[in-house]
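All chains, please: the whole structure from these sequences, using the hints.
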Amino acid sequence: FDGFAIGGSVGKDTAEVASLLSYLVPLLPPDRPRHLLGVGDEKTVLASTREGVDTFDSTFPSKNARHGQLMTRTRGTFNVARAECARMHEPPCRECGCALCVNHTVSYLHHLVKANEPTAAMLMTAHNLHYMG
1 FDGFAIGGSV
11 GKDTAEVASL
21 LSYLVPLLPP
31 DRPRHLLGVG
41 DEKTVLASTR
51 EGVDTFDSTF
61 PSKNARHGQL
71 MTRTRGTFNV
81 ARAECARMHE
91 PPCRECGCAL
101 CVNHTVSYLH
111 HLVKANEPTA
121 AMLMTAHNLH
131 YMG
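Following my numbering, the numbering of the sequence shown begins with 1 at its first residue and continues without gaps.
Rather than coming from a laboratory, the hints here were simulated on the basis of the structure.
Watch out, some of these pointers could steer you wrong.
Ranges between beta-carbon positions, derived for each pair [to be verified]:
#	residue 1	residue 2	range
1	Glu117	Asp54	31 to 39 Å
2	Leu27	Thr59	26 to 34 Å
3	Gly52	Thr77	24 to 32 Å
4	Lys114	Asp13	29 to 37 Å
5	Arg50	His111	33 to 41 Å
Listed next, the in silico DSS-like pairs over lysine-lysine satisfying Cα-Cα at most 30 Å (straight line) [stated by the list, open to error]:
#	residue 1	residue 2
6	Lys43	Lys63
7	Lys12	Lys63
8	Lys12	Lys43
9	Lys63	Lys114
Remember, predicted model here, so these are calculated numbers, not experimental data.
Think of the CB as a built atom: it goes at the ideal place given N, C-alpha and C, for glycine as much as any other residue.
Shown next, in the form of structure tokens:
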């Protein structure tokens, strides 16, 4: 047996997930990976790793991207569809080395989102995954 999948955490807040994991993880063999299903927000991922979870799967980074949400360390999570983003001719996050932040500006992303260009979700998903990695 390779590892353990822990599910049923969708819709639970960070405190509920951490409480569940603090009870459950000590019951699992320490030499087997523990995988948490259905979470992905940064706060819950960090809390879960502190409780002993090894891996995750989630639609959170791509769902955020499809809704115009870009996750950054400097600006927090923000919506590039906002009108003021049309005038932001700078990288989304200067500290980030992903292809989006190295090659594109917030104003360009704003244009892509407003034009319903699928490239926007692709670029922003890649960035959000890089951010969370």
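Checklist entry - Which of the listed hints are not met by the structure? => result As far as the earlier hints go, not one is violated by this structure.
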